[in-house]
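Asker: For reference, the chains in residue letters:
Number of protein chains: 2
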Amino acid sequence: MKVYIAGSGVTKFGELWDVSPRTLAQKAVTDALAEAGLDKGDIDALFVGNMLSGILGGQEHLGAFFAEELGLRVPAIKVEGACASGGLAVHAAVSSILSGQYRRALVLGIEKMTDYKPEEVALALMGAGSDEERAAGATFPGLYACLANAHMRKFGTTEHDLAEVAVKNHFHASLNPDAQYRTLLTVDRVLKSTRIADPLKLYDCSPISDGAAAVIISADTPKGAAVRVISTQVATDTLGLSGRKSLTELSATRKAARKAYAQAGIRPSDIRAAEVHDCFTIAEILAMEDLGFYGKGKAAVALSQKKTTLGADADVVVNTSGGLKACGHPVGATGVKQVAEISRQLSGRAGKRQVDGLAYGLTHNVGGSGGTAVVHILTNTT
Amino acid sequence: MKVYIAGSGVTKFGELWDVSPRTLAQKAVTDALAEAGLDKGDIDALFVGNMLSGILGGQEHLGAFFAEELGLRVPAIKVEGACASGGLAVHAAVSSILSGQYRRALVLGIEKMTDYKPEEVALALMGAGSDEERAAGATFPGLYACLANAHMRKFGTTEHDLAEVAVKNHFHASLNPDAQYRTLLTVDRVLKSTRIADPLKLYDCSPISDGAAAVIISADTPKGAAVRVISTQVATDTLGLSGRKSLTELSATRKAARKAYAQAGIRPSDIRAAEVHDCFTIAEILAMEDLGFYGKGKAAVALSQKKTTLGADADVVVNTSGGLKACGHPVGATGVKQVAEISRQLSGRAGKRQVDGLAYGLTHNVGGSGGTAVVHILTNTT
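Residue numbers (this note's numbering), protein chains in the order written: chain A, 40 to 421; chain B, 40 to 421.
Think of the hints as simulated: they come from the structure by calculation, not from any bench.
Some hints here could point you the wrong way.
[Unchecked claim] Below, in silico cross-link-like pairs of lysine-lysine (BS3-like), each with a Cα-Cα straight-line distance of 30 Å or less:
no., chain 1, residue 1, chain 2, residue 2
1, A, Lys66, A, Lys262
2, A, Lys41, B, Lys41
3, B, Lys298, B, Lys337
4, A, Lys335, A, Lys284
5, A, Lys79, A, Lys262
6, B, Lys231, B, Lys337
7, B, Lys41, A, Lys294
8, B, Lys231, A, Lys294
9, B, Lys335, B, Lys346
10, B, Lys193, B, Lys335
11, B, Lys335, A, Lys41
12, B, Lys345, B, Lys391
13, A, Lys66, B, Lys284
14, A, Lys294, A, Lys193
15, A, Lys79, B, Lys284
16, B, Lys66, A, Lys294
17, B, Lys284, A, Lys298
18, A, Lys66, A, Lys41
19, B, Lys284, B, Lys337
20, B, Lys298, A, Lys79
21, B, Lys79, A, Lys284
22, B, Lys79, A, Lys298
23, A, Lys156, B, Lys66
24, A, Lys284, B, Lys66
[Stated by the list, open to error] Counterexamples of contact, computed for chain B against chain A with all Cβ distances above 12 Å:
no., residue
25, Thr69
26, Asp81
27, Ala103
28, Glu119
29, Gln140
30, Met165
31, Pro238
32, Pro246
33, Ser285
34, Leu286
35, Arg306
36, Ser308
37, Lys335
38, Lys337
39, Gln393
40, Thr420
This structure is a prediction, so every number in the text was calculated from the model and none was measured.
For glycine and all other residues, C-beta sits at the position ideal for the given N, C-alpha and C.
Chain A extracted, bound-state conformation (with noise of 0.2 Å):
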């Protein structure tokens, strides 16, 4: 069977203390639905990715929530794995439609971040960690600098190669109208920001954000431009830091790639656009290598010379959204904007940041410091 992104929709990502959780959904729902030629009535299941609206809001049963917000009377179930959440949802719709239960799902990534202190919303997004480093009061830009210390150490990567990956993401977001931050960044800008866990600044590290993504996979073969999932992959690692064999690696990324390219029956040299999972610079880059796209110690010279810059001289453009660091990073909302942003390069509607002459594009979304880890690759080959 094959299955297809039949359309997608994703909110303005940013600060919206204006705006509730339903009219959120309901403009991303609204979007896929219009994009797929739709009505509600065709969906048969709802799946919600989100990851805070326990801890935050002390609200659960999201499912039915956003059913009955969205006047969905429909099979719905939320999917949680920390900011992998999107990813794991998308995961479990495809599964759903292989599976035959269903034949077209709707898949809700959702976060509202900002309406809480972020003091709040830093304690509570340690839910993700491990016991020991909650105990101890890690954060998770401390434990990314800690992964970012053992990447410069092993491989002589710099702070000025980090801040280059804020400087790509940046450029791309500023051709993104719904990214969170559209100002453009220079190295320079970045390596005077404030230390925040050190080496990381201000601005290697994403934001807190709100928004909604939507997407809906089908078993209906399209009429127009056809985009399918040809792989789905989830892979797990330890919750902490202290339990892994490599600190400048990420298991389950390498591990759930490997499977996700034996799938697709491609090589990640096939793979010319990708999103992956930026919360912090150095996860960028752990992700270009670990992905495959560039061997270990690779990636910085690579980000150097524009080869994931949008343009001519790019092998493999990361981030075309902005990524998490300049799209922003509502984290249930992420891994389904990264399918949309995927789905619409390789439909050819992705405006000024379009990646011309697609033909595989790949998404990678980390739950945690790595714990969980989910890729999708998506063509629109036939």
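Model the placement of chain B on the given structure of chain A, informed by the hints.
Answerer: Only chain B this time, still in chain A's reference frame:
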């Protein structure tokens, strides 16, 4: 493709202050693997059903958490749907097997509730309710009391009828060594217990519990007794009661059941054992009617005639485990325990509470006051 229950494990349910979540999970999973004759290495994916770890414990990312705790380096997904989280996790796992993505999936349902103050737990559970009900300070006993009052007014159901549910389920629990409350009750004792939300009294309410349950869903034909999942259906309704057309039925249950019988190609009268969601006594009466075992307003008579009690007179034995009422209700574990119980019944391993001559069994798991309903039908026929 046929989908089997390869094994199951259920811990003792109750106030288990001295047992950690990881120990509960390990016990349930070890027993399920042993029953299936499988090793950890045979498991391809983990689905975790849980509702409250975020709200009560500030902890999410439970899929990867339990994958690590159980020594399973496999794809792991948490599924949430309030008190139907366990049933939804089974549903997602069955889909994942039917999709061909995985061959053997482990479903773990788990909840740890008694480590928190009862008022905290009661508030946390309202995370499953509608915004209006939360804002109004409603609690689930109050909401189910509304349903009970409506049923009493329309059909003449009495407090005595409600008490009969508790008496039956405590009798069944007395035969289940893992049940939370194994004490026999009398109608008189139920009627004289403390009023909680009129007409519901203390013994009309399921308890707050700790516990875990695991089932292994497999595409492999087992060597011994083969129990198959032949229906898995989910339906949703409004979260709040105010949006419902009727307060004397749960439409999500009716819808999921109708689809489940159609999927299985059987009728309600073919079901001779069922685990239904008796979070309150009235909920079992609603379920008996909404699942089609009896006409609307007819369940109470059947109950009083022991037609749902273990014994020679039974039409359909309801809640041999003791149900939520007496076996206990560790929220995320409940839907998985129901599938484990029916699987044991169908394979003749239910001990003193064995229903003889079974061919089909049903499980019914509800989220909130009926916002979600999940129905599974299992069989031992080939």
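Asker: Enumerate the violated hints, using their earlier numbering and listing them in ascending order.
Answerer: Those not satisfied are hints 8, 11, 17, 23, 27, 28, 29 and 30.
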